[in-house]
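If you read the sequences in order, they're chains A and B. For the first sequence, numbering that gives the first Met the number 0 begins at 0 and goes up steadily by one. For the second sequence, numbering that gives the first Met the number 0 begins at 0 and goes up steadily by one.
Derived by calculation from the structure, the hints in this document are not laboratory data. Treat the hints with caution; some may be incorrect.
Partial chain A-side listing against chain B, Cβ under 8 Å, derived [claimed, not checked]:
(1) Arg9
(2) Arg13
(3) Phe365
(4) Ala369
(5) Val432
Negatives, chain A to chain B, calculated, CB over 12 Å [to be verified]:
(6) Arg28
(7) Glu193
(8) Leu299
(9) Asn466
(10) Gly560
Only part of the chain A face toward chain B is listed, based on derived beta-carbon distances under 10 Å [unchecked claim]:
(11) Asp10
(12) Ala135
(13) His139
(14) Arg342
(15) Glu351
(16) Arg451
(17) Arg452
(18) Pro633
For every residue, glycine included, the Cβ atom is placed at its ideal position computed from N, Cα and C.
The residues making up each chain are set out below.
Number of protein chains: 2
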Amino acid sequence: MARNKTAFPRDARRRVTIEALEPEVDGGRFPAKATPGEVRVECDAFTDGHDSIGVALLWRREGRRQWSEAPMVFAYNDRWRGRFMALEVGRYEYTIEAWVDHWASWENGMRKWLEANIDVEVHLAMGAELLEHAAARAIHGTGAWGRPSPEDGSLLAEVAQVVGDEDRPAGERAERAFADGVTALMWKHADRSEATRYGIRRLVVDPERARFSAWYELFPRSLGEPGRHGTFRDVEAHLPYVADMGFDVLYLPPIHPIGHTHRKGKNNARVAEPGEPGSPWAIGSEEGGHKSIHPELGTLSDLKRLVRAAREEYGIEVALDVAFQVSPDHPWVRDHPEWFRHRPDGTIAYAENPPKKYEDIYPVDFETEAWESLWLELESVFRHWIEKAGIRLFRVDNPHTKSLRFWEWCVERLKKDHPDAIILSEAFTRPKVMYRLAKLGYTQSYTYFAWRRGRWELEEYFNELANPPVVDFFRPNAWPNTPDILTDQLQTGARPMFLQRLVLAATLAANYGIYGPAFELMESRPREVGKEEYLDSEKYQIRDWDLDKDNIRDPIARVNGIRNENPALQHNRSLRFLGVDNPDMIAYTKWSHANGAPYTYRYLEERPGDDGNLILVVVSLDPWNTQSSMVHLPLDQWGVDPGESLELHDLISDARYVWSGWSNYVEINPHAFPAHIFRVRRSGARDERDRADF
Amino acid sequence: MARNKTAFPRDARRRVTIEALEPEVDGGRFPAKATPGEVRVECDAFTDGHDSIGVALLWRREGRRQWSEAPMVFAYNDRWRGRFMALEVGRYEYTIEAWVDHWASWENGMRKWLEANIDVEVHLAMGAELLEHAAARAIHGTGAWGRPSPEDGSLLAEVAQVVGDEDRPAGERAERAFADGVTALMWKHADRSEATRYGIRRLVVDPERARFSAWYELFPRSLGEPGRHGTFRDVEAHLPYVADMGFDVLYLPPIHPIGHTHRKGKNNARVAEPGEPGSPWAIGSEEGGHKSIHPELGTLSDLKRLVRAAREEYGIEVALDVAFQVSPDHPWVRDHPEWFRHRPDGTIAYAENPPKKYEDIYPVDFETEAWESLWLELESVFRHWIEKAGIRLFRVDNPHTKSLRFWEWCVERLKKDHPDAIILSEAFTRPKVMYRLAKLGYTQSYTYFAWRRGRWELEEYFNELANPPVVDFFRPNAWPNTPDILTDQLQTGARPMFLQRLVLAATLAANYGIYGPAFELMESRPREVGKEEYLDSEKYQIRDWDLDKDNIRDPIARVNGIRNENPALQHNRSLRFLGVDNPDMIAYTKWSHANGAPYTYRYLEERPGDDGNLILVVVSLDPWNTQSSMVHLPLDQWGVDPGESLELHDLISDARYVWSGWSNYVEINPHAFPAHIFRVRRSGARDERDRADF
C-alpha cells in the first residue's frame, strides 16, 4: 500500500488549543479598536484529558520587543478572561500563550487524594519531583521567566525537600506545596517549552473622543450678518452658542474655493443665478483646491485662531470635511488630467448615478495608471490641515466611492504619524461596505440610525452595533438629521419627534451629532413631499437663521449635560434592551463599565470604590399620544432582590421615583417630554458606597 | 515632520473586496466537509462606488493545477452565490475571484441612458472601446481565458464596429451589444489583471454514509447460545436481525484480548470472579493487543467473512472500536515502557479522574519523548484493520483524552490513503473540545442529544448543529442510549419514551444509532437510582437477551424505512422548527435539498423534474398523556397560498390528512405512537409534477 512519507508537525507536542479570541476582527486581518483604559480579552483554551492549563495574556506597544504578561482566569465552558491597561493613544499588540500546567493539575489531584486519603505518598513524591524540576529551571533560567534566579531556585528546592520528606506528616507537606508563594514561583518558572502561542493581534487605541463625542455641524457662510457671507471669525463668535448646548466637535462642510462651471443654484437648480454661492462640495476653482480656503470665509490664520479658541476656551475640536471630488475648475483637472477618466470624446464624465447627473463634480479615477501620485496627493490633503491648522478630526464625504484599498493605506499612515486623529466615515451605503470602511481604519462611522424608527428595528440594529464582532471595529455616530437627510418623521412629528430622536441618538450611541441650526430650530420643510431634501437647503444657498425663534436648545444642553455627567452613556458596549409591554415604547440600560462586563452587583462588590453608574432610558416612540407601559427589569442579572427598592432619578425632569420588583409602570406624555433618562440607585446602599449609584 | 517612507501595497489596484465565505471553518484553518453532490458556496463581494463586479467560483480536486470555474450570482445585500459538483470522494479546493466588470457597468448604464435618452452617443463610443479592448485580449490571450482565440477576437471586433458606427440607429447598436453571446464573450475575455483572489479553502468529500447512517451497537459475546461466549460467526448469523430493523452500520465494541490484571467484575466490581469476561475496553493481554483478536470471538478470517457478508449481503458496514488505552497486561507495557508515564515509585498511574480510579486501564503518555514511535504505532492500528479486514468505519473511544494534535495528523494521513474511511468521535466532553475534534478531521461525532429533552433545548441545540459554521464541519450522530448511558427518561418513560427518543434521534439527525438489544427490548433498569449505568451492564458481563420478549423492532424498522425512502431525512442542513402552541410538543420540517437552499415552491419551479421531498415531524414530549396543539406552517416561505390545501401522509400510521391555512391541529396519544412523520404534498399539483411531493 502506498504510504505517505512520515512528516511530523512542528507543533506536535503542543497540547493546548486556543480559539475564539475576542476582540478579534476577521481572524486578525484588521486591528481591533479601543480607547485608553482597560482592555478585556477572552478566548477559549483547552487541552486533551483532565490536565489543568495555564493561560497568559501578553501585550506590548507596537514596536517594542518585550511583552507584558498577566494570567488569564477561567470563566466557564473553557472560556478564559484577562485584561490589560492600554493607557496610551497609539497601537498595541496582544496575544495568548497557554500550556499544560502540571503543577496545577498536581495541586487539584493532591487535594482530592488527601480528601479520599489514598495513595498520598506517591503523589507527594510526584509533587516533589515537579518542584525539583522547577527549581532547576529557575537556576538555569530555562522556565517561563527566561532568566536565572538562584534565589527562587533554592526556595523551590527547599520546598521540594519538605514535600518529599517521608518523615513529616502528609498534611504539613501538602500545605507547604499549596502556599501562595509556591504557586507564584511555579507559575514564574513554569515549563513553557511546549506552550501554544496564538497569532499576534493588533489594537488601535484612539483618543477618548473617538468613543464619546457630540458633533455639531453648521455652515459657516450662514453665520454672517444678513446679506453678508459668514466667516471663520463669525464661527468663532458663535462658539459660545455651540458650547452652551454641550457639543464638543464642531464640524464644518468643505471650506475650499467653490467651482463656477455648472454651479448649482438654490434648491439644486441646474443653473445658478449670478451671485449664488454654489455647493461647498463642488471643490476647487482658480482660487485653489483641497488645500486652499474659500476667500470669503477668511484666511488660514483665521482658521487657526478658530481651531485654537474652540479647543482652548471651549474644549471643542473643529472637524473638517474631506471630499475627494472636484469641480471642473479645480487645479487638479488642469495640472493632473491623468487622475481623471476621459471618455472617447475627450471629456471627463461627471459624477453620475444614472439617470442622475452631478454636473458640478468630477470624480477622481482610482484606476488611473498614475494612482501612486494620486494617492500621495489625496493623503497630503489630510496632512496639510493637520500640520497647517492643527486639525485632528475629519469627516470624509462618500468614502465608499473611493478605492477601499486606498483608505486602508491612507488611514494607517496618517494614524502612524498622528495617532490622535479621528476620521469619521460618511457612508450610508450598503451595510457591508460601511463595516468594511471601519475595518480598514475609520475611527467613527455614520449609521442607519436616521431610518431605524420602530422598536424592533432599533433593538436589532443597536444590538448588532453594541456586541462583538461589530463593537470591536465599528464606532457608530448617530445623526437624527444631516444636510442631506430630513426624515419624514422629522417633517411631520414636530417638537416631540425632534426630542425623541435626540434622546435616542444621544443615549443609544456614545457618538452622535446634529446638523444645526436646522435641528434645534426644528426645521421641517422638505423641498418635495416624499423626499428627504431640505427646502432652501444650505447646501446651495446661504440661510439667515432666526436663532431666537422657538427651539429645543435647552433640552439639547440638558441631554448633553447628562451624557457628560454619566459614564454609562459614554460607550456602547453595555447596552441592554429591556422588556416593555407597549410596542410604542422602548427601554434600555447602559452602565459605566465600557469593557463589556455585565452589570451585576457582584462585579461592583469585587471593586470597592467603583461607582458603577447605571442609566435606564425609556422613550416613547409615539409623538402624539400619551403612552404607558410596564417596564421589566433584569433584577436577577443585576443581583438585586425583588424585595429591594430602587431609586430612580429622572435627569431630565429631576423627578424621583421608587421602583421595586421585576416590573414597574412608566407613563410618557410626549408633549411634556418624550423620554425618561433615569439614574438608578439602590435604596439600601447607605454604607461607604453611598455616593455610588449602586 | 517625520514621514514614513512611501510603501505602496502590492494589491493597491484590486478594487473588489471578498469576505464572509461560506463554507469556511475558522477562516480556512480547517477544511469544510461535504458528501458527493452539489456544493453551495456563498460570499460577500463588493467594490467601491457603483461599478458592477464579476464574481467567479473556482474549484479543483486537490493536487490538480487547473481550476474549474463558474460565475456566481448576486443574491441580495452584496451576497453572492454559486455551486459546483464535487462527485468524487476525496479532497477538493475552492476559492473566489472577483473583479470590477466594466462591461456589466456599461450595460447597466447604457440601459438607463437609453431610457433617459441622453448622452447616448458618447456611451456607445465607450462601449465600442470596451469591446475593442476585449477583442485585443481575445486575440493575444491576455484576458480571463488565458489563451488566444482569434475567432472570439474578430467576433468582438465586429461587434465593436457595429456599436461604434454612428451611422446606425442607437437602439440597434445597443441591442447588438446586449446580445447574450456578447455577454458570454466579454466574461470569457474579461480583464482580470486586477482581480481579487480569496485564499484557497479545502473541502473533504466523504462517502455518503458519513452524512446519512443508522448505527447499531452490539456486544458479540452476548450472541452465543446461553453459557457460550458469542463469536463473529454468531454475529454473522445475527445479521438478518440487524438488517431487518434497517440499520446500515454494525458497531462492535473492542474485539481485542482483554487484560487479567485488575479485571472488573459484574456491575463494575473491583475484583472479577474467576471466569468473568472483563471489560472489552481493558485492551491487551499475553494474547496480544490492538492488532489482535480476542480468541473467544474467532479468527481474523471469521472477522473478514463477517465484514464481507455484512457489506455484500445486507449493505451493512462493520465499525470497529478504537480505544487507545491498555490493560496492564498489554504487550506495549512490556515492549514500550517509554510510552507510559512512570511515577516516582516506578509504577504506571492508572487512568483516573480523582477520586475515581480505573485500575484495569493505563493511559498512554502523549508527553513521552518517544511520541513519534507512539504516534506511528497508534496510526498503524487503524491501517491494520483497514488493510487486514477491510474495515472502513471506526468509532474512537474517548478521543478527547488523547493529544488533539495527534488526531489531526493521524486522521489526515488516514484519509489521504483511505478517503472512504469514516471515523466517529465518542466525545461527550466539553462542547468546544467536541467541536475541535470534528474540525481536526473526525467524520462524525457523538452529541449531547441524550440529555436534550425539553423543546427549547432540542431546538437550540439542533439549530446550532444544522446551521453554519457548525454544519460545515460537525456531523452529529445522535444516540438515545449507549452502553454507558441509560438516561432517566428511558428508565421511567417506558415504551412511549423509547419511541419518542427514537423518532427524535432518527429525524433530527441524519446519523443516529442505538445500543441494542437493550434499546429495542426497552431495557430500563439502572444499576443505581440517579445514575445512568445499566444494571448488569454488558460492559462487564455476558448477557443472555430474550429477543422475543416485548420489543419495538417493528417501529424501529418503520422509522429506518422512512429515512431510507425520504431524502429529506438524509441530511441536517434543511432543518427548520415550526411554531407549536403546546410546549410539550415539538415540530420541524426537513426537505430534500441538502445544500441549504430554503424550501420554497419557487426553488422547485426553477428545477423542473426535481422531486422536492418535504417531511414534517411532530413529536409529543409527554410519554404519559394525550397532547394536542396547533402547529404553525411557514406558508409564505414555502410559497404556498393560505387557501391551498396540503396533503399530509403519516408515514408511521399510513393515515392521510388534508391541511390548509397557517395553523393546523395535531393530537398525539403517546400510547398509540408518540409522533407523526408526515410527507407533505401540495394537493393542487396534478400536472407533470404529480409524483413529486411538491
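Now for the hints, and whether the structure bears them out:
1. Arg9: violated (10 Å)
2. Arg13: OK, holds: arginine 13(A) within 8 Å of chain B, min 6 Å.
3. Phe365: holds (7 Å)
4. Ala369: violated (12 Å)
5. Val432: holds (6 Å)
6. Arg28: Check fails; 8 Å does not lie beyond 12 Å.
7. Glu193: Violated, since 8 Å does not exceed 12 Å.
8. Leu299: Non-interface label stands for leucine 299(A): nearest chain B Cβ at 17 Å, farther than 12 Å.
9. Asn466: holds (17 Å)
10. Gly560: holds (38 Å)
11. Asp10: Cβ of aspartate 10(A) sits 6 Å from chain B, so the hint holds.
12. Ala135: It is violated, given that the least Cβ distance between alanine 135(A) and chain B is near 16 Å, above 10 Å.
13. His139: violated (19 Å)
14. Arg342: This hint holds: arginine 342(A) lies near chain B, its Cβ roughly 5 Å from the closest one there, short of 10 Å.
15. Glu351: Holds: closest Cβ of chain B sits about 8 Å from glutamate 351(A), inside 10 Å.
16. Arg451: With Cβ-Cβ at 16 Å, over 10 Å, it is violated.
17. Arg452: violated (20 Å)
18. Pro633: Given a least distance of 19 Å, the restraint on proline 633(A) is violated.
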